[in-house]
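**Q** Now for the letters of each chain:
Protein chains: 4
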Amino acid sequence: MTAKIAINGYGTIGKRVAHAVSLQDDMEVVGVTKTRPTYEARMAIDNGFDLYAVSSEHVQGFKDANIPVQGTLSDLLAKADLVVDCAPGKKGAANLDTYKKAGVKAIFQGGEKHETAGFSFNASANYSEGLGKDLARVVSCNTTGLCRTLYPIYKELGIEWVQATMIRRSADPGDSKKGPINAIEPVLKVPSHHGPDVQTVVPGINIQTLAVKVPTTIMHLHTLVVKLGKPATKEQVLDIWKNEPRICFVNGGEGIKSTAQIMEMSRDLGRDRSDFYETVVWKDGVSVKGDLLYFIQAIHQESDVVPDNIDCIRALLQLETEAKASMSKTNKSMGIDN
Amino acid sequence: MTAKIAINGYGTIGKRVAHAVSLQDDMEVVGVTKTRPTYEARMAIDNGFDLYAVSSEHVQGFKDANIPVQGTLSDLLAKADLVVDCAPGKKGAANLDTYKKAGVKAIFQGGEKHETAGFSFNASANYSEGLGKDLARVVSCNTTGLCRTLYPIYKELGIEWVQATMIRRSADPGDSKKGPINAIEPVLKVPSHHGPDVQTVVPGINIQTLAVKVPTTIMHLHTLVVKLGKPATKEQVLDIWKNEPRICFVNGGEGIKSTAQIMEMSRDLGRDRSDFYETVVWKDGVSVKGDLLYFIQAIHQESDVVPDNIDCIRALLQLETEAKASMSKTNKSMGIDN
Amino acid sequence: MTAKIAINGYGTIGKRVAHAVSLQDDMEVVGVTKTRPTYEARMAIDNGFDLYAVSSEHVQGFKDANIPVQGTLSDLLAKADLVVDCAPGKKGAANLDTYKKAGVKAIFQGGEKHETAGFSFNASANYSEGLGKDLARVVSCNTTGLCRTLYPIYKELGIEWVQATMIRRSADPGDSKKGPINAIEPVLKVPSHHGPDVQTVVPGINIQTLAVKVPTTIMHLHTLVVKLGKPATKEQVLDIWKNEPRICFVNGGEGIKSTAQIMEMSRDLGRDRSDFYETVVWKDGVSVKGDLLYFIQAIHQESDVVPDNIDCIRALLQLETEAKASMSKTNKSMGIDN
Amino acid sequence: MTAKIAINGYGTIGKRVAHAVSLQDDMEVVGVTKTRPTYEARMAIDNGFDLYAVSSEHVQGFKDANIPVQGTLSDLLAKADLVVDCAPGKKGAANLDTYKKAGVKAIFQGGEKHETAGFSFNASANYSEGLGKDLARVVSCNTTGLCRTLYPIYKELGIEWVQATMIRRSADPGDSKKGPINAIEPVLKVPSHHGPDVQTVVPGINIQTLAVKVPTTIMHLHTLVVKLGKPATKEQVLDIWKNEPRICFVNGGEGIKSTAQIMEMSRDLGRDRSDFYETVVWKDGVSVKGDLLYFIQAIHQESDVVPDNIDCIRALLQLETEAKASMSKTNKSMGIDN
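Residue numbers (numbering that gives the first Met the number 0), protein chains in the order written: chain A, 0 to 337; chain B, 0 to 337; chain C, 0 to 337; chain D, 0 to 337.
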């Protein structure tokens, strides 16, 4: 029997998780929620999902727009084994009670605090710790991207410290409200929150981060300097990453000069929604000098956490006990061929 | 037996036409060409196409990069009934001789002059004129977009004149070289070439255009004023367009406020490469005052000509004699549900 | 004795009008207002202006930030002959009562409705109608730009109709909040409000407009098609504009290809704040075919209304009865050499 | 008697240096050169400078455009004591012979290699080393910005290492050709050349840098992590910088959230061309944890080297022997009030 999954919130993350769940043979989507009758609500139905209003007060709006809903969130939770909370950031905590009362396990996204779930998850770093848990938080796109490349280095070579700068896209591609148009905006909380967030997954790592926002809509980019536990070579580092199922190498020499070409490559790969699930590392941008490792990676903010959500479902519901097996199953279903 | 199609140039248009041909049951791709061993060349093979070097001098480059090629353009043409020229703009004319010598029919893109083929094609406007011809030019993305909305109005209501402004994206999404970053750049050839280009397809139409470039990578947008042959109503105009197979309506009221949300909708629709093949008209941006029709449409520069290329192949090879039948077949294969 | 001018609101327009008033010999700034103790408030004082809080409830904020204020708006109005309302759009109407009670004449900006003042002003078109009036509205940057080029054509050659598209910058250069980043956003109210707004100044003109927003911070750009009252030549049109004091020609051939180079030219001209006060017309983008005139103009959204505010002060206070004399005086003081 | 200064190249840097020289009482501009008759050439004359063609083959172009030139570069050099080479990057080296033959001292810009002049100059770090030299290179905008904040820290507290990321604007505001529009482009040479470039001025400093390009036209932004020679406090660091004549603090809390508001502030300050000469440090973005100093600074790419060019002229011609005296004189003339 397949696990019944509810998706609370069918926005940027929710619609992707819903689609990814529908590709698995050990779980299925029992319904998705939406607050307002936008074109995305219409799309949810066109894509074959049962639609629910977030609460009873929102039902009328859907009726007025001739978009049929099957009930409200509580109706949906009654049918589910687990809910993936994809509500807008900071709303998840408020939903926690609802989920508890309904007696369903719950997965939150990186917009929520670690404390909401008490456990932060990244498939590459701590899958097994999630087995059987009732609550988990899949860390944010940036933290997910950082865990994937840093954790295996930490494990194999040791890390004395990491200094990273996160150059963040300012708005998602489907968002035409946010700016800036012609400015670079630093995060003045220095160091930024991204370092401590990595530590919710890998407690022992000494990492500090700075962050800026730039006027693009596609992909975050990280520059990183890592003081290794011991001197190493570029080859050693590449070998470690080669074995990781969610790291993808690109080459500037083959024409992948910027985040634009990575996104173009994704379109050519036929990925769903032209997404890119892996952490992308420029092979010709990796440099090791003694015990200092420099590298540059790009992160698709809308989708890199999606496979980890699937794995997290498996861990919490104990559908699969081995990280590698779950990740491999997820990857195969989503066209990630590592 | 299926028609053998060669694609000369596997770039922005070429890779899309190749994919679209591969979706049809009455034609197949016998090979595609590329000049340099970029990641796109690698993708061509990954996507199952036989790769050919454009000329013998380019073969070594592919060898050096370990990308296998099956020969050169002339080898490819020897296997083909028809070649779709997707070489960079202005290079097609030089290729004409090669195609003639090889005895294959040829379709050029809108970057070439009308005179190169002597016949300009748009499926919605003049499919039947293309039947059995040896050469055709599928008009540019902007002209294609204009023909689709203007031709049926011209036929049903008459058009005294059209004044249109084309607000053009400056670079394709996969192109990180071109600017401008923070400027609006007018085309100082006034009126612009787009008006006369529409007349290569619909000779009788009186249309003038102005054009500007703006710093975006997705979709052109057109503002249009049409003096109709007689007074009409908004409903009449919408009814005419409703019957057209490659016009898609969107509503600002449902959250489609800009080209950003149209592209997002395309991702949600699961279109290949997140493309948008139809001319997109804002339903709540159509206004008719007496005999003046105002409207706003958006054009996906990378893909709106792709279905017309497929129809053009059918017309030239007489695989189908009726426009509606060909367009319907093409639409169905590509997920265009009108 | 010089006229006493209060500036209510020291933001994008207010700080420019304040500076421009300070350059005149027949008027002086008695004070400016601000709601919050931002860096702009600090700058007001550094630039030599007396600062007032908009209302008593805002006084404490300035005290806390150690920025001295001289009182509140009502204190300021008591010293003034005329107030230029540069409050954020739509707030001016609410201020009208305050101004009336204080017994000062008032000038509003284009963000307010025509009805607020009952009289809409553009120096090039209707200076003399403003003489001695108590209230006026200086029309918006776009409407000002349109009046300057269209009114003289309307007067000399007649205009049957105008069809224009306004391609608008989305945010001011100092604003890093607004987007969009990578989208073109049409105004779905079709035709847009700009046409009727021109008619508040030139009632007889038949003009329709469409508008879109694009991701730039500098200058609006207009494409225009004008059906003249009679056939004319390009030379005739250029001759008419040559005599206008606030039209500036540029040439694409000399490297002015876009709004970027116009702004660069302004920096080279040493204009205050690198502003551009004139309507900028591309000479090599003007075309006349029979009775159809096509042209392209650019408008500096932050500053083109500033000289008209100065002239409007002179008209209302009857400091000068002739339009040409006032405009010439204003131009000279601001470095506009036409 | 005032020193005679020639400016070879009247582009982005050249026009600014020319203007700055004209503000000094101990030097004067004897002429500027240009290759083509653009609007900038016209502006040079309007701004009162004698114009020379770069070489005799360019003279005709100016004649055709009715822009008078006074001769060629060699005529100009004959009148000069010192030439500031503001030719496009990498052309300066070729000019070196010309300057030597003409027997004039020469200052190059940061686009040239250190070896061209054999001495790299930054007023804050090594003014006295330049006294009486024949050749110097004023380091690039980024390197200048880095030297100003790092050198005093290095001198006062010691520096063990610096890890910095340079987030670079992609095109100047007056340039509408370059992109990218919607992409982040890393420099794949890792670490980047900026670190070694700082060492041409401060040889003992251990600094590594990474760099990315982002789609903006205004200001570079640097994120920096500095391992100090000993633990310190934020107050100590701010005190050190407070005494530096070309560091300017801004506060996010007062509304300076991004590079956009810094540029707006510059317009409000009435700076020539709305330039910003100082290295701008966010006071609320400085953080010291033990011996780790984190900070964020912004650099105006078009103008921060201009005051250093003036000081470099004084050093080479020994017009002033003390760094502080020269910098103070330069600052005062340009409106830099530190």
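Everything labelled a hint here was simulated from the structure, so no lab data went into it.
Wrong hints could be hidden among the right ones.
[What the hints assert, rightly or not] Once the Cα atoms are required to be at most 20 Å apart in a straight line, the calculated EDC-like pairs of lysine to aspartate or glutamate come out as:
{"#": "1", "chain 1": "A", "residue 1": "K226", "chain 2": "A", "residue 2": "D174"}
{"#": "2", "chain 1": "A", "residue 1": "K282", "chain 2": "A", "residue 2": "E319"}
{"#": "3", "chain 1": "A", "residue 1": "K331", "chain 2": "A", "residue 2": "E319"}
{"#": "4", "chain 1": "B", "residue 1": "K226", "chain 2": "C", "residue 2": "D133"}
{"#": "5", "chain 1": "C", "residue 1": "K90", "chain 2": "C", "residue 2": "E56"}
{"#": "6", "chain 1": "C", "residue 1": "K104", "chain 2": "C", "residue 2": "D25"}
{"#": "7", "chain 1": "C", "residue 1": "K188", "chain 2": "B", "residue 2": "E159"}
{"#": "8", "chain 1": "B", "residue 1": "K226", "chain 2": "C", "residue 2": "D45"}
{"#": "9", "chain 1": "D", "residue 1": "K331", "chain 2": "C", "residue 2": "E243"}
{"#": "10", "chain 1": "A", "residue 1": "K3", "chain 2": "A", "residue 2": "D74"}
{"#": "11", "chain 1": "B", "residue 1": "K188", "chain 2": "C", "residue 2": "D25"}
{"#": "12", "chain 1": "C", "residue 1": "K188", "chain 2": "B", "residue 2": "D80"}
{"#": "13", "chain 1": "B", "residue 1": "K331", "chain 2": "A", "residue 2": "D45"}
{"#": "14", "chain 1": "C", "residue 1": "K177", "chain 2": "D", "residue 2": "E234"}
{"#": "15", "chain 1": "C", "residue 1": "K288", "chain 2": "C", "residue 2": "E234"}
{"#": "16", "chain 1": "C", "residue 1": "K176", "chain 2": "A", "residue 2": "E319"}
{"#": "17", "chain 1": "B", "residue 1": "K3", "chain 2": "B", "residue 2": "D24"}
{"#": "18", "chain 1": "C", "residue 1": "K104", "chain 2": "C", "residue 2": "D80"}
{"#": "19", "chain 1": "C", "residue 1": "K241", "chain 2": "C", "residue 2": "E155"}
{"#": "20", "chain 1": "D", "residue 1": "K176", "chain 2": "B", "residue 2": "D80"}
{"#": "21", "chain 1": "A", "residue 1": "K62", "chain 2": "B", "residue 2": "D174"}
{"#": "22", "chain 1": "B", "residue 1": "K132", "chain 2": "B", "residue 2": "D283"}
{"#": "23", "chain 1": "C", "residue 1": "K331", "chain 2": "D", "residue 2": "D290"}
{"#": "24", "chain 1": "C", "residue 1": "K132", "chain 2": "C", "residue 2": "D45"}
{"#": "25", "chain 1": "B", "residue 1": "K282", "chain 2": "A", "residue 2": "D283"}
{"#": "26", "chain 1": "A", "residue 1": "K176", "chain 2": "C", "residue 2": "D174"}
{"#": "27", "chain 1": "B", "residue 1": "K177", "chain 2": "A", "residue 2": "E243"}
{"#": "28", "chain 1": "D", "residue 1": "K177", "chain 2": "C", "residue 2": "E56"}
{"#": "29", "chain 1": "B", "residue 1": "K132", "chain 2": "B", "residue 2": "D171"}
{"#": "30", "chain 1": "D", "residue 1": "K188", "chain 2": "A", "residue 2": "E253"}
{"#": "31", "chain 1": "A", "residue 1": "K188", "chain 2": "D", "residue 2": "D80"}
{"#": "32", "chain 1": "D", "residue 1": "K188", "chain 2": "A", "residue 2": "D49"}
{"#": "33", "chain 1": "B", "residue 1": "K176", "chain 2": "A", "residue 2": "E319"}
{"#": "34", "chain 1": "C", "residue 1": "K176", "chain 2": "D", "residue 2": "D45"}
{"#": "35", "chain 1": "B", "residue 1": "K176", "chain 2": "D", "residue 2": "D171"}
{"#": "36", "chain 1": "B", "residue 1": "K100", "chain 2": "B", "residue 2": "E128"}
{"#": "37", "chain 1": "B", "residue 1": "K226", "chain 2": "B", "residue 2": "D290"}
{"#": "38", "chain 1": "C", "residue 1": "K288", "chain 2": "B", "residue 2": "E159"}
{"#": "39", "chain 1": "C", "residue 1": "K328", "chain 2": "C", "residue 2": "E128"}
Owing to the predicted nature of the structure, the values given are computational and were not obtained by experimental measurement.
**Q** Hint by hint, say whether it matches the structure.
**A** Results of checking the hints against the structure:
| no. | hint | verdict |
| --- | --- | --- |
| 1 | A/K226 x A/D174 | 38 Å, violated |
| 2 | A/K282 x A/E319 | 33 Å, violated |
| 3 | A/K331 x A/E319 | 15 Å, holds |
| 4 | B/K226 x C/D133 | 43 Å, violated |
| 5 | C/K90 x C/E56 | 17 Å, holds |
| 6 | C/K104 x C/D25 | 16 Å, holds |
| 7 | C/K188 x B/E159 | 24 Å, violated |
| 8 | B/K226 x C/D45 | 56 Å, violated |
| 9 | D/K331 x C/E243 | 40 Å, violated |
| 10 | A/K3 x A/D74 | 13 Å, holds |
| 11 | B/K188 x C/D25 | 45 Å, violated |
| 12 | C/K188 x B/D80 | 50 Å, violated |
| 13 | B/K331 x A/D45 | 16 Å, holds |
| 14 | C/K177 x D/E234 | 35 Å, violated |
| 15 | C/K288 x C/E234 | 12 Å, holds |
| 16 | C/K176 x A/E319 | 45 Å, violated |
| 17 | B/K3 x B/D24 | 12 Å, holds |
| 18 | C/K104 x C/D80 | 7 Å, holds |
| 19 | C/K241 x C/E155 | 13 Å, holds |
| 20 | D/K176 x B/D80 | 41 Å, violated |
| 21 | A/K62 x B/D174 | 44 Å, violated |
| 22 | B/K132 x B/D283 | 40 Å, violated |
| 23 | C/K331 x D/D290 | 57 Å, violated |
| 24 | C/K132 x C/D45 | 34 Å, violated |
| 25 | B/K282 x A/D283 | 49 Å, violated |
| 26 | A/K176 x C/D174 | 13 Å, holds |
| 27 | B/K177 x A/E243 | 35 Å, violated |
| 28 | D/K177 x C/E56 | 49 Å, violated |
| 29 | B/K132 x B/D171 | 32 Å, violated |
| 30 | D/K188 x A/E253 | 15 Å, holds |
| 31 | A/K188 x D/D80 | 50 Å, violated |
| 32 | D/K188 x A/D49 | 50 Å, violated |
| 33 | B/K176 x A/E319 | 46 Å, violated |
| 34 | C/K176 x D/D45 | 38 Å, violated |
| 35 | B/K176 x D/D171 | 15 Å, holds |
| 36 | B/K100 x B/E128 | 24 Å, violated |
| 37 | B/K226 x B/D290 | 6 Å, holds |
| 38 | C/K288 x B/E159 | 17 Å, holds |
| 39 | C/K328 x C/E128 | 19 Å, holds |
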